[in-house]
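J.: Residues per chain are reported as follows:
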Amino acid sequence: MKLLLKGGRIIDPSQKIDLNGDLLIAEGKIKEIAPEIHAESAKIINCQGLIVCPGLIDMHVHLREPGEEWKETIATGTLSAVAGGFCAVACMPNTKPPNDNAEVTRFILKKAAEANLARVFPVACITKAQKGEELTEFGELKDAGAVALSDDGYPVPDAGLMRLALEYAKNFDLPIISHSEELSLSQGGHVNEGLASAKLGLKGIPREGEAIAIFREVMLAKLTGYPVHIAHVSTRLGVEIIRAAKAQGIPVTAETAPHYFSLTEEATFGYRTNAKVNPPLRTDEDREAICQALADGTIDAIATDHAPHSPLEKVCEFEKAACGLIGLETALPLALRLVREKVFSLSRMIELMSLNPARILKISGGTLKPEAPADVTVFDPEKRWVVTEDALHSKSKNSPFLGWEMQGQALLTIVAGEIKFSRLN
Amino acid sequence: MEFRKKHILDIASLAPEEITFILDTAEALKEVLERPIPKVPTLRGKIVAHLFFEPSTRTRLSFERAAKTLSADIFNFTARMSSVEKGESLLDTVLNIKAMGADLFVIRHPNAGAPHFIAENIKTRVINAGDGFNAHPTQALLDLLTVREKKGDFKGLKVAIIGDIRHSRVAHSDIVAFRKMGAEVFVSGPATMLPPEREALGARVCYQLEEALKDADVVMALRVQKERHGRALFPSVREYARYFGINQERLSLAKEDCLLMHPGPINWGVELSPELENDPRSVILTQVTNGVAVRMALLVLLLGGE
Numbered sequence: 001m002k003l004l005l006k007g008g009r010i011i012d013p014s015q016k017i018d019l020n021g022d023l024l025i026a027e028g029k030i031k032e033i034a035p036e037i038h039a040e041s042a043k044i045i046n047c048q049g050l051i052v053c054p055g056l057i058d059m060h061v062h063l064r065e066p067g068e069e070w071k072e073t074i075a076t077g078t079l080s081a082v083a084g085g086f087c088a089v090a091c092m093p094n095t096k097p098p099n100d101n102a103e104v105t106r107f108i109l110k111k112a113a114e115a116n117l118a119r120v121f122p123v124a125c126i127t128k129a130q131k132g133e134e135l136t137e138f139g140e141l142k143d144a145g146a147v148a149l150s151d152d153g154y155p156v157p158d159a160g161l162m163r164l165a166l167e168y169a170k171n172f173d174l175p176i177i178s179h180s181e182e183l184s185l186s187q188g189g190h191v192n193e194g195l196a197s198a199k200l201g202l203k204g205i206p207r208e209g210e211a212i213a214i215f216r217e218v219m220l221a222k223l224t225g226y227p228v229h230i231a232h233v234s235t236r237l238g239v240e241i242i243r244a245a246k247a248q249g250i251p252v253t254a255e256t257a258p259h260y261f262s263l264t265e266e267a268t269f270g271y272r273t274n275a276k277v278n279p280p281l282r283t284d285e286d287r288e289a290i291c292q293a294l295a296d297g298t299i300d301a302i303a304t305d306h307a308p309h310s311p312l313e314k315v316c317e318f319e320k321a322a323c324g325l326i327g328l329e330t331a332l333p334l335a336l337r338l339v340r341e342k343v344f345s346l347s348r349m350i351e352l353m354s355l356n357p358a359r360i361l362k363i364s365g366g367t368l369k370p371e372a373p374a375d376v377t378v379f380d381p382e383k384r385w386v387v388t389e390d391a392l393h394s395k396s397k398n399s400p401f402l403g404w405e406m407q408g409q410a411l412l413t414i415v416a417g418e419i420k421f422s423r424l425n
Numbered sequence: 001m002e003f004r005k006k007h008i009l010d011i012a013s014l015a016p017e018e019i020t021f022i023l024d025t026a027e028a029l030k031e032v033l034e035r036p037i038p039k040v041p042t043l044r045g046k047i048v049a050h051l052f053f054e055p056s057t058r059t060r061l062s063f064e065r066a067a068k069t070l071s072a073d074i075f076n077f078t079a080r081m082s083s084v085e086k087g088e089s090l091l092d093t094v095l096n097i098k099a100m101g102a103d104l105f106v107i108r109h110p111n112a113g114a115p116h117f118i119a120e121n122i123k124t125r126v127i128n129a130g131d132g133f134n135a136h137p138t139q140a141l142l143d144l145l146t147v148r149e150k151k152g153d154f155k156g157l158k159v160a161i162i163g164d165i166r167h168s169r170v171a172h173s174d175i176v177a178f179r180k181m182g183a184e185v186f187v188s189g190p191a192t193m194l195p196p197e198r199e200a201l202g203a204r205v206c207y208q209l210e211e212a213l214k215d216a217d218v219v220m221a222l223r224v225q226k227e228r229h230g231r232a233l234f235p236s237v238r239e240y241a242r243y244f245g246i247n248q249e250r251l252s253l254a255k256e257d258c259l260l261m262h263p264g265p266i267n268w269g270v271e272l273s274p275e276l277e278n279d280p281r282s283v284i285l286t287q288v289t290n291g292v293a294v295r296m297a298l299l300v301l302l303l304g305g306e
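Those protein sequences? They're chains A and B, same order as listed. Note that this note's numbering has the first sequence beginning at 1, numbered continuously upward. Note that this note's numbering has the second sequence beginning at 1, numbered continuously upward.
Some hints could be false.
[To be verified] Straight-line C-alpha distance at most 27 Å; calculated DSS-like pairs for lysine-lysine:
| no. | chain 1 | residue 1 | chain 2 | residue 2 |
| --- | --- | --- | --- | --- |
| 1 | B | Lys6 | A | Lys362 |
| 2 | B | Lys30 | B | Lys214 |
| 3 | A | Lys170 | B | Lys214 |
| 4 | B | Lys6 | B | Lys180 |
| 5 | A | Lys29 | A | Lys16 |
| 6 | A | Lys362 | A | Lys16 |
[Unchecked claim] Chain A is faced by these chain B residues, among others (derived, beta-carbon under 8 Å):
| no. | residue |
| --- | --- |
| 7 | Arg204 |
| 8 | Leu233 |
| 9 | Pro274 |
Hints in this document: simulated from the structure, not taken from any laboratory. Since the structure is predicted, the reported quantities are computational estimates derived from the model, not experimental observations. For every residue, glycine included, the Cβ atom is placed at its ideal position computed from N, Cα and C.
With the hints as constraints, model all of the structure from the sequences given.
T.: Shown next as structure tokens:
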């Protein structure tokens with residue numbers, strides 16, 4: 001089937017395109033971008049006043065299947081993705097059982113194919129059972145369909161083992177994603193160390209712990225010459241280390257999540273468990289540094305760290321509550337806030353949410369070049385809506401943004417030329 | 001030519017002409033091994049001390065066979081059950097054996113540089129039979145002899161060495177030896193076992209096995225030396241076999257008339273797939289025979305002139 005997206009503002013940083021015009025899709029591929037296209041037998045979609053861009057890619061989500069299907073399934077998670085404008089997600093391996101072997105990878109891909117919504121790119125564990133002791137079988141995992149490796153919520157505690165992982169990954173060209181946390185400093189902590197920990201009477205997690213861990217990863221990237229990707233950067237110190245490393249030519253990339261540039265530790269005041277995340281929400285100084293890093297290229301990607309939890313894990317004492325929040329459907333409007341605040345341009349936003357995640361993970365997508373798979377997101381940057389439980393498609397509703405009025409929303413999500421989600425009538 | 005070396009400690013200190021001379025000598029002496037009574041009196045009255053501070057089967061037996069063929073007498077020393085277990089220093093051990101009249105030491109030692117240390121401190125000839133991760137010059141020479149027999153010359157040959165390069169003394173000596181004689185050397189294996197630099201000792205480091213094997217004239221698989229690592233450098237033996245083991249399919253990337261080599265002992269099903277056991281391209285047993293010839297040559301060249 002042919003789709004003709006008419007009259008939108010087409011932005012594609014991969015080709016430095018920003019023009020008002022038409023986009024033609026046929027046979028699942030991008031065919032043409034031009035100020036005016038006429039195509040017979042194409043379904044015409046009016047995109048006047050809307051932005052048309054390469055499909056958004058979220059390189060860091062948790063789909064909870066297998067093992068915790070009461071929180072999310074691959075079907076509900078990918079529905080939440082397409083509702084948020086994401087054509088593809090990379091899912092982290094902390095399932096039950098964890099994705100540390102080819103069977104689990106294949107299961108995830110099978111479920112994703114059945115759901116047939118967003119593309120799913122499995123990230124497998126670096127070490128068996130995420131225990132930080134023995135490497136997983138990188139070759140087998142890659143052959144089964146894993147696109148990257150990460151121990152997700154855990155750092156690889158042993159620098160020597162992390163070095164081996166970076167070296168061994170060279171054979172298979174698999175990106176390595178680091179959860180940078182110095183456990184000996186963070187253990188037992190629940191919120192940022194400082195105002196939040198003092199005010200709430202909870203053990204804090206110091207920002208320096210993240211910095212120490214990022215510094216180690218950067219040094220290992222230098223030693224091995226192999227790139228390391230730092231997940232969910234939350235601190236000014238972390239940003240500064242990455243910036244300095246990049247200036248020296250050390251191969252490092254980084255992502256942050258919308259909550260780190262939208263919220264501060266104050267969101268946890270009142271023991272609000274929906275704002276309990278790891279790493280914790282930090283201070284305004286950190287938030288500003290993150291915004292700056294997104295603008296100047298120090299941070300390469302925005303990823304949601306979408307982490308669904310049911311009320312079982314969240315409606316409880318703060319100390320007992322699970323870490324994590326859902327983010328797939330609020331990421332785009334939160335990023336658009338920074339565009340309106342002139343932190344970065346729309347084009348840079350699309351780079352951060354589409355082109356760069358594709359590049360870092362070495363997956364398809366991130367471009368509207370002719371013959372590329374037709375993964376396209378259409379959004380209205382102005383549309384106002386209120387975040388309510390009913391408005392969200394994820395199985396879990398643990399969002400600290402419930403009740404917020406957002407500006408901007410995905411209206412159409414196209415994957416491989418097929419409309420997977422539409423708010424257009 | 002006159003051979004002036006007192007010791008054979010590594011390949012790096014041998015000039016290409018010296019290597020050629022050793023190989024020529026070995027080739028000439030190899031004939032002795034084929035005689036009905038394979039024994040000559042060349043080294044009668046000489047005493048060769050075999051000092052093995054680390055387990056070894058083929059290197060040790062090969063040196064023993066070489067010495068016996070040349071009618072030398074042998075001291076056999078193993079660290080186990082010796083005064084080394086009582087805490088005697090390396091230097092004292094060797095001085096004592098020297099005092100009993102050894103003319104040449106063949107030394108295998110787990111510490112890199114141990115044979116160099118002995119050569120420096122004791123006025124006796126030394127052949128390094130393998131020291132730590134450092135060097136195994138007699139293995140490299142027998143590999144050269146095997147390739148020269150089949151290929152005639154080294155110039156322009158592509159040699160692919162697969163496996164644990166970083167921790168292999170065989171690989172270290174082979175890379176230097178083949179490079180010195182004019183061949184190109186490519187190494188591949190799990191990146192945790194490859195030298196950290198893309199160009200190490202002059203070998204090209206390939207993270208994709210195929211790149212190393214493509215059009216190779218010589219394919220040498222190395223033994224996975226689990227005992228040397230101290231920690232697992234790859235996730236499982238199964239994965240090693242699947243992604244880094246040499247099998248028919250991978251070997252077909254190399255030239256049709258390539259040579260398949262392995263320094264032994266082989267872990268069949270790991271470095272080499274069992275289907276290659278009787279493969280016509282394999283020269284693994286020729287390597288073993290040539291080992292005796294090369295060691296005879298070295299004994300004659302180091303002791304014969306005295």
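J.: Does B:Lys214 lie within 27 Å of A:Lys170 when you go C-alpha to C-alpha?
T.: The hint holds at about 19 Å.
J.: So if I understand the rule, the pair passes when the alpha-carbon distance is 27 Å or less; does B:Lys6 with A:Lys362 pass?
T.: Distance of about 56 Å is beyond 27 Å: violated.
J.: CA of B:Lys6 to CA of B:Lys180, is that 27 Å or under?
T.: Holds - the C-alpha atoms of B:Lys180 and B:Lys6 are around 20 Å apart, at most 27 Å.
J.: Closer than 8 Å between Cβ atoms is the bar; does B:Arg204 clear it against chain A? Give me holds or violated.
T.: Constraint on B:Arg204 not satisfied, violated at 14 Å.
J.: May I ask you to test the interface hint for B:Pro274 with respect to chain A, counting a Cβ-Cβ separation under 8 Å as satisfied?
T.: Violated, because the Cβ-Cβ distance from B:Pro274 to chain A comes to roughly 20 Å (cut-off 8 Å).
J.: Against the 27 Å threshold, does the CA-CA distance of B:Lys30 and B:Lys214 hold or violate the hint?
T.: Judged against 27 Å, a Cα distance of about 33 Å means the pair is violated.
J.: Given the proposed pairing of A:Lys362 with A:Lys16, does the C-alpha separation stay at or below 27 Å?
T.: holds (20 Å)
J.: If you draw a straight line from the CA of A:Lys29 to the CA of A:Lys16, is it 27 Å or shorter?
T.: holds (19 Å)
J.: Does the nearest C-beta of chain A fall within a distance shorter than 8 Å of the C-beta of B:Leu233?
T.: holds (6 Å)
When each numbered hint is compared with the structure, violations occur for hints 1, 2, 7 and 9.
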